[in-house]
Amino acid sequence: MGRILDLIRIGPISGFRLRTKLLLLALTTLALPWAGCQYAREMEHVLRESEMQSLLAVTTTIAGSLKGRQELLFRADSLEAVSSNNARDITPVVLSGAPLIDGRADEWDTDARNLIRVSGPGGDSMQLLAATHERWLYLALLVRDNKVIYDASMLAPLDSASIGDRIWLAFDDKRGGQSQLFFGSTGGGTLRARRIETREYGREEAVEEPRINAVWQRSREGYVLEIGIPLSLLGQHIGVLIDDRDRRGAARSSYGTLEVSDLRATGRLIAASPDLNDHLRQFAQPGVELTVASSTGAILTRIDAPALPADYTRMRGFLPRMYRLFLDGDAISRVMSQANRQRAAESLTTRVARGKPETAQFPGRYENSVIVAAAAPIYSADGKTVFGVIQLAQTADRWLTLRDTALTRLLNLTLFVTLFAVVAAFWFAGRMTLRISRLGAASETALGREGNLSRVLPEADARDELGDLSRSFSSLLGRLDEYTGYLRTLAGKLAHEIRTPLTIIRSSLENLESEGDSANAKVYISRAREGSERLGAILTAMGAATRVEEAIAHSDRQRFDLAALVRAAAGAYGDAFPARRFVAQVPDEAVEMTGAPDLIVQMLDKLVDNAVDFSADGATISVVLRAEPAHVELSVANPGPLLPPETGNRLFESLWQSRVESDKRPHFGLGLYIVRLIAEFHGGIARAENLADNSGAIFTVRLNR
Amino acid sequence: MKKTIAIVEDERAIRDNYAAAFSREGYAVRGYPNRREAMAAFTARLPDLAVIDISLEDEPEGGFELCRELRGLSPELPIIFLTARDSELDAVSGLRLGADDFLTKDLSLAHLIARVNALFRRVDALRRPTEEKQVIRRGALTLDSERMSVEWNGQVVLLSLTEFWIVYALTKHPGHVKNRQQLMDAANVVLDDNTITSHIKRIRRKFQVVDEKFDAVHTVYGMGYRWVE
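Those protein sequence lines, which keep their order, are chains A and B.
First residue of the first sequence? That's 1 in the numbering used here, and the numbers climb one at a time after it.
First residue of the second sequence? That's 1 in the numbering used here, and the numbers climb one at a time after it.
No wet-lab data here; the hints were simulated from the structure.
None of the values given here were measured: they were computed from a predicted structure.
Virtual Cβ for every residue (Gly too), placed ideally from N, Cα, C.
Be aware that one or more of the hints could be misleading.
For the chain B half of the interface with chain A, some residues (derived, Cβ under 7 angstroms), not all of them [what the hints assert, rightly or not]: (1) Glu-11; (2) Ile-14; (3) Ala-19; (4) Ala-20; (5) Ala-21; (6) Asn-34; (7) Ala-84; (8) Lys-105; (9) Phe-214; (10) Gly-222.
Under the rule of at most 25 angstroms between Cα atoms (straight-line distance), these lysine to any residue pairs were calculated in the SDA-like manner [said to hold, decoys possible]: (11) B/Lys-2 / B/Met-39; (12) A/Lys-522 / B/Gly-26; (13) B/Lys-2 / A/Ser-508; (14) A/Lys-356 / A/Ser-380; (15) A/Lys-356 / A/Ala-553; (16) A/Lys-384 / A/Leu-56; (17) B/Lys-201 / A/Gln-53; (18) B/Lys-201 / A/Glu-549; (19) B/Lys-3 / A/Leu-512; (20) B/Lys-2 / B/Ala-118; (21) B/Lys-201 / A/Ala-564; (22) B/Lys-206 / A/Glu-550; (23) A/Lys-67 / A/Asp-278; (24) A/Lys-174 / A/Arg-69.
All chains, please: the whole structure from these sequences, using the hints.
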């Protein structure tokens, strides 16, 4: 409980220096970029959401426009055919560009689901690829044939003896009529489909179909036939059949998606009408991909694959990358493979086919790009059946770019601001600390040297709280100064004030003495005189400091030999204090200095008095003079009691004394104060220490020469 | 005829005590509490000696003013300054005004009377021709102990009574060191070390007025002073 109270009182970070505190405070501005990131994310999210909503609105509109238009999606009027499922159905891939009909299918996007594979006899097999682009249907037959047999001649296509491997293509047209065409090659290359027409007299003739392009090409495993058919020729069904022969004219072995017996096409062509594209193009927008799929998920058409917007360029450099690292923690930042993206689009279609429009977003083709998609079901005319799904997809990179740009700017700005705040706080704290410590040091020295308090503290002109503090310090020091000044002069003033009544007492006594004749009276008078004399001595002692101050004020400086002075004085002390032994260590040569020799002697007297007072009879008092180029050191050491701890230089203050025992002579603690005054007059200082071996005390005065 | 001593002192008890002591010695005493009354009386009739307190009632330095006015009336009249203040400035000011001596009030009555007697003796001696036996000659110094006058190289050095007694004590046995106590005894004063020091300083200065090279008073550090011929 107490600790908590302490914490509240002093604050949790009171242990730090002011500078560190302000630095920590400045670092809180780092929350600014974080908040900015949160805001940018939120903004991006909202923008994307609104984008998705508008996309969904467009999608729903297009879906509405396609309501009941199954002939556009399936080129069929009825819906019953749409729902059934057949292995022979051809679901062409919607290509974004027309393939080159060259007998190579490698530029096609091969997808297992757009591929029909039929196995023939003897390990032979056929793969059928289908694709649409614009108004064309493209078929590629990849035939594995261990023995490719060409027709013998172009001229006799119906001569059974010259017939090689043949491929049949059969489809119904829009009016329900059946077309059966065959391809027979004499050696690869471009070829025409031909139809067998029966002329008069039952004569059969192979008529070329000019609207269908085809190229036959040998491949490693067999051969490839690539066919381009205008969608306008085609009805609902289409199929191919391979007549494989081991030699010309031999019996054929047929396999494929046609009925072998009558070459009728039963597999459906699930491809949109070319008119669907025209219909959709009116809704097309750059950068928006429109996909129409059947309710089973087969893609019928797709226009305008989402392009990479030209203005989308990722910010480069160290800082933007750091920012993105800081920002893009979410799932959509991953890159998704083409297949996965397609699967995601398909699953959206499948969900929407159940009847409800929906939006989704998934990763795009590039790092950090996002695709937003909206899908809506296409209903039949009666509104009961969903026969298709339209899906619009768009990259959300625009928003990402926006966000990136805004964020980079924001973060740069906040980083700069933070840096500025930190620097400013540091500077401010440094200045503040400097000011405070300057003030502290000034007040400490002002307080430390009680003799002459300096009242002018730094910061006194400042108009802030520190200035107030300085001013109140100043006034405090001023008051303290007045007080100490009062204390300092108190003794002198008292001495002066008491002197007059004392004179009255004394002169009265003296008169009484001269006139009184009673013996008893004389005893009392002599006692009273004794008392008044002691009182007089006290007054003299009390006024001593004042007199020394005055003497100092009227002192003249002169050059004199300090060594001779100390030597003479030390000799005299031996006579003055016969109970002590004096040892003087004084340089043999002259120690010239500038000062007042009388004052120096007086100072030495006080030091020796002090040493005598604090040492026992028979003690050896040493007086040492050491001369250095700029100053001299005069010290007086005596064995005896140690200095009270922590008195420091207070010993040299006025009215300070630590002596406990009382003797006859009055003491006011002025002796060492006088030493200090004289030392300061000579530009020096006085200090007191215990002797190194703790056998006594040493008082040292350092004087400028 | 009784010699008249004027005491100008605002403290009645002190004035009366001093008056009693002087009366006992056979002097006629008149006391005045302030400058105005004293001056009025002095204009009517001059005393033979004046003891003046520096601080008089409402005038902190009224004694100095009185001294100046009194000197205007009589250049020879012995004047003793008496004060509770023993600061150097007061001493210097008092002596410049031509006071014969400057004493602090803690001086005993006996010492005070000794001084008064000495000053009267001096006044008498000045009226008589010089008696050679009272004269001490030490090189350039001529000291008349009767007249309490000092000459250096034939020029008069104006010393106060205290200063004269100090010089007298020093020159009696030239070369001998006199410590401060001995000098105080000789001068009939109780002074502290600083006052003796400043007396010595002042004595040197006064001699130096008539002879810049005067250096006969030597300081023996830690012991005292001696006269060197």
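Hints versus structure:
Given hint, B/Glu-11 at the interface with chain A, holds; its Cβ is 6 angstroms from that chain's nearest Cβ, closer than 7 angstroms. Nearest Cβ of chain A to the Cβ of B/Ile-14: about 5 angstroms, under the 7 angstroms cut. The hint holds. Checking B/Ala-19 against chain A by beta carbon gives a least distance of about 10 angstroms; that is not within 7 angstroms, so the hint is violated. Of the supplied interface hints, the one on B/Ala-20 holds, with its beta-carbon coming within about 5 angstroms of a beta-carbon of chain A, less than 7 angstroms.
Checking B/Ala-21 against chain A: minimum C-beta separation of about 6 angstroms stays under 7 angstroms; hint holds. Interface hint status for B/Asn-34: violated, as the beta-carbon distance to the closest one in chain A is roughly 16 angstroms, over 7 angstroms. With 7 angstroms as the threshold, the beta carbon of B/Ala-84 comes within range of chain A, its nearest partner Cβ sitting at about 4 angstroms, so the hint holds. With its C-beta approaching chain A no nearer than about 4 angstroms, B/Lys-105 sits inside the 7 angstroms limit, and its interface hint holds.
Taking 7 angstroms as the C-beta cut-off, the interface hint given for B/Phe-214 is violated, the closest approach to chain A being about 15 angstroms. For B/Gly-222, the interface hint holds, since its Cβ comes within 7 angstroms of a Cβ in chain A; the closest pair sits about 3 angstroms apart. For the given pair, B/Lys-2 sits about 21 angstroms from B/Met-39 by alpha-carbon distance, which is consistent with the 25 angstroms threshold. For a cut-off of 25 angstroms, the pair hint linking A/Lys-522 to B/Gly-26 stands: about 23 angstroms separates their Cα positions.
At most 25 angstroms may separate the alpha-carbon atoms for a hinted pair to count; B/Lys-2 and A/Ser-508 meet this at roughly 24 angstroms. Taken as a hint, the A/Lys-356 and A/Ser-380 pair is honoured in the structure, with Cα atoms around 14 angstroms apart against an allowance of 25 angstroms. For the given pair, A/Lys-356 sits about 109 angstroms from A/Ala-553 by alpha-carbon distance, which is inconsistent with the 25 angstroms threshold. A threshold of 25 angstroms between alpha carbons decides the hint, and for A/Lys-384 with A/Leu-56 the separation of about 21 angstroms falls inside it, so the pair holds.
Note on B/Lys-201 and A/Gln-53: the hinted pairing is violated, with a Cα-Cα distance of about 111 angstroms set against a maximum of 25 angstroms. Of the supplied pair hints, the one linking B/Lys-201 and A/Glu-549 holds, its CA atoms being roughly 16 angstroms apart against a limit of 25 angstroms. Annotation: proposed proximity of B/Lys-3 to A/Leu-512 holds, straight-line Cα distance about 23 angstroms (limit 25 angstroms). Using a Cα cut-off of 25 angstroms, the hinted pair B/Lys-2 and B/Ala-118 holds, with the two alpha carbons roughly 16 angstroms apart.
Restraint check for B/Lys-201 and A/Ala-564: the C-alpha separation of about 20 angstroms stays at or below 25 angstroms, so the hint holds. For the hint linking B/Lys-206 to A/Glu-550, the alpha-carbon distance of about 20 angstroms falls within 25 angstroms, and the restraint holds. Restraint check for A/Lys-67 and A/Asp-278: satisfied, since their Cα atoms lie roughly 16 angstroms apart, inside the 25 angstroms limit. With a CA separation close to 16 angstroms, the supplied pair A/Lys-174 and A/Arg-69 stays within the 25 angstroms bound.
This entry does not satisfy hints 3, 6, 9, 15, 17, going by the numbered hints stated previously.
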